[in-house]
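Asks: Sequence:
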Amino acid sequence: MKNELKPYIHVAQYYETDQMKIIHHSNYIRWFEEARIDFLDQVGANYAKLEANGIVSPVLTVEAQYKSMVRYGDSVYVLPEIESYNGVKLSLAYRVIDVATGELRTTGKSQHCFLNEAGRPVSLKKVQPSVHESFEKYRAHIFSI
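Heads up, the working numbering is the position in the sequence shown plus 290, with the first residue counted as 1.
A few of these clues could be false.
[What the hints assert, rightly or not] When the alpha-carbon atoms are kept at most 27 Å apart in a straight line, the in silico DSS-like pairs for lysine-lysine are as follows:
1. LYS379 - LYS311
2. LYS416 - LYS339
3. LYS339 - LYS311
4. LYS427 - LYS416
5. LYS339 - LYS415
6. LYS416 - LYS357
7. LYS296 - LYS415
8. LYS296 - LYS379
9. LYS339 - LYS427
10. LYS339 - LYS399
11. LYS399 - LYS296
12. LYS339 - LYS357
13. LYS415 - LYS399
14. LYS296 - LYS427
15. LYS399 - LYS427
16. LYS379 - LYS427
17. LYS296 - LYS357
18. LYS379 - LYS399
19. LYS415 - LYS379
20. LYS427 - LYS415
21. LYS339 - LYS296
22. LYS357 - LYS311
23. LYS357 - LYS399
[Unchecked claim] The calculated label-pair distances, taken between Cβ atoms and stated as ranges, are:
24. LYS415 - ASP331: 16 to 24 Å
25. GLU426 - HIS314: 16 to 24 Å
26. VAL349 - HIS314: 14 to 22 Å
27. TYR305 - SER374: 32 to 40 Å
28. LYS415 - ASP388: 33 to 41 Å
29. GLN309 - SER381: 21 to 29 Å
Just so you know, these hints were derived from the structure itself, not from any lab. Glycine residues also receive a C-beta, built at the ideal position from the N, C-alpha and C atoms.
Make a model of the complete structure from these sequences and hints.
Replies: Here you go:
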């Protein structure tokens, strides 16, 4: 099943550009979020289902390192990979790679935790064992493009 994961592709939109006619830096964080939600869906940890079961996953930290520019109309892969997971916290690393050239454009990381409706940390191993198993299964998954 690991080979069934599809990379997330984003086409840079005109409204995402800045005065220099490149993608504004804040949009990469949005792309990370889009790719994270897509990744969660693909591995069996659908975010809407988690919320329906009383579990939320706020962002604790997020960062991006810009290597080269993305411009309007460029297509990029946004590839999330599990960097660490302990049942309560999930850290993802991201690579943004130009579809046409294969050039690395941006890297980043985000860290999330899992909370119940009262805002208390929960262990997915205890409250959502199937989601926990999915994260364990895909812990070492690296996208091939």
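Asks: Given a hinted range of 32 to 40 Å, is it respected by the beta-carbon distance of TYR305 and SER374?
Replies: holds, 34 Å
Asks: Does the alpha-carbon distance linking LYS357 and LYS399 stay inside the 27 Å limit?
Replies: holds, 14 Å
Asks: Straight-line Cα separation of LYS427 and LYS415 no greater than 27 Å?
Replies: Cα-Cα ~13 Å, so holds.
Asks: Is the straight-line distance between the alpha-carbon of LYS296 and that of LYS427 27 Å or less?
Replies: Within the cut-off at roughly 16 Å; holds.
Asks: Would the pair LYS379 and LYS311 pass a check requiring their Cα atoms to be no farther apart than 27 Å?
Replies: violated, 37 Å
Asks: Holds or violated: are the alpha carbons of LYS415 and LYS379 at most 27 Å from each other?
Replies: Holds, because 11 Å separates the two Cα atoms, which is no more than 27 Å.
Asks: Go ahead and decide if the range 16 to 24 Å is satisfied by the Cβ distance of GLU426 to HIS314.
Replies: Between GLU426 and HIS314, where Cβ atoms are some 36 Å apart, the hint is violated.
Asks: Mind checking the alpha carbons of LYS296 and LYS379 for me, to see if they're no more than 27 Å apart?
Replies: holds, 24 Å
Asks: A range of 33 to 41 Å was offered for this pair. Does it hold for the Cβ distance of LYS415 and ASP388?
Replies: holds, 38 Å
Asks: Check whether the Cα positions of LYS339 and LYS399 lie no farther apart than 27 Å.
Replies: holds, 24 Å
Asks: Can you confirm whether the C-alpha distance between LYS416 and LYS339 stays at or below 27 Å?
Replies: holds, 16 Å
Asks: CA of LYS339 to CA of LYS311, is that 27 Å or under?
Replies: Violated, at roughly 38 Å.
Hint violations for this structure: numbers 1, 3, 6, 12, 25 and 29, all remaining hints satisfied.
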